[in-house]
Amino acid sequence: MNRLPLLIILIFGSASASADYDPSFKIGKEKAKVCMTCHGEDGISTIDPYPNLRGQKVGYLISALKDYQSRQRTSGLAILMQQQADTLSEQDMKDISYYYSVLGTKQEEE
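Read in order, the letters of the sequence shown correspond to residues -19 to -1, 1 to 91 in mature numbering (1 follows the signal peptide of the UniProt record, and there is no 0).
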């Protein structure tokens, strides 16, 4: 009996991080609840001026939050994001950014 397919499933199946069992995803989701008010529960905003966050890259989101916190981003509705970013620790930024980066991806669906 060929056990290679079973071995592949066991190796790669257990290595993939399911969002349901991914503690970082759950932590990020909890911390992102306030973000959902403007950016949507699924990371897709229903309000024109607010960007979609779903599927964005972690590094981009962290950089954007840090830029709001340091007042390097000042256009548009930046004042609102500056106030929100001021309440976040560096770990909060990482957790929230990770959550949105995984949201809506194949990794979340596994």
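Read the hints as simulated data drawn from the structure, not as lab findings.
Note that CB positions come from ideal geometry on N, CA and C, so glycine has one too.
Among the clues, some could well be false.
Listed below are the simulated SDA-like cross-link pairs for lysine to any residue, each with C-alpha atoms no more than 25 Å apart in a straight line [as the list claims (entries may be wrong)]:
{"id": "1", "residue 1": "Lys87", "residue 2": "Thr68"}
{"id": "2", "residue 1": "Lys87", "residue 2": "Ala66"}
{"id": "3", "residue 1": "Lys87", "residue 2": "Ser70"}
{"id": "4", "residue 1": "Lys12", "residue 2": "Arg35"}
{"id": "5", "residue 1": "Lys14", "residue 2": "Ala66"}
{"id": "6", "residue 1": "Lys47", "residue 2": "Val15"}
{"id": "7", "residue 1": "Lys75", "residue 2": "Ser51"}
{"id": "8", "residue 1": "Lys7", "residue 2": "Arg54"}
{"id": "9", "residue 1": "Lys87", "residue 2": "Ser51"}
{"id": "10", "residue 1": "Lys14", "residue 2": "Leu61"}
{"id": "11", "residue 1": "Lys47", "residue 2": "Tyr2"}
{"id": "12", "residue 1": "Lys10", "residue 2": "Leu69"}
{"id": "13", "residue 1": "Lys10", "residue 2": "Gln72"}
{"id": "14", "residue 1": "Lys12", "residue 2": "Thr86"}
Label-pair distances were calculated between CB atoms; the ranges are [as the list claims (entries may be wrong)]:
{"id": "15", "residue 1": "Tyr2", "residue 2": "Gly57", "range": "33 to 43 Å"}
{"id": "16", "residue 1": "Tyr2", "residue 2": "Thr55", "range": "32 to 42 Å"}
{"id": "17", "residue 1": "Tyr2", "residue 2": "Gln53", "range": "20 to 30 Å"}
{"id": "18", "residue 1": "Pro30", "residue 2": "Tyr2", "range": "16 to 26 Å"}
Practice item. Compare the structure with the hints numbered earlier in the document and write down the numbers of the violated ones, lowest to highest. Key: 1, 2, 3, 8, 9, 11, 17, 18
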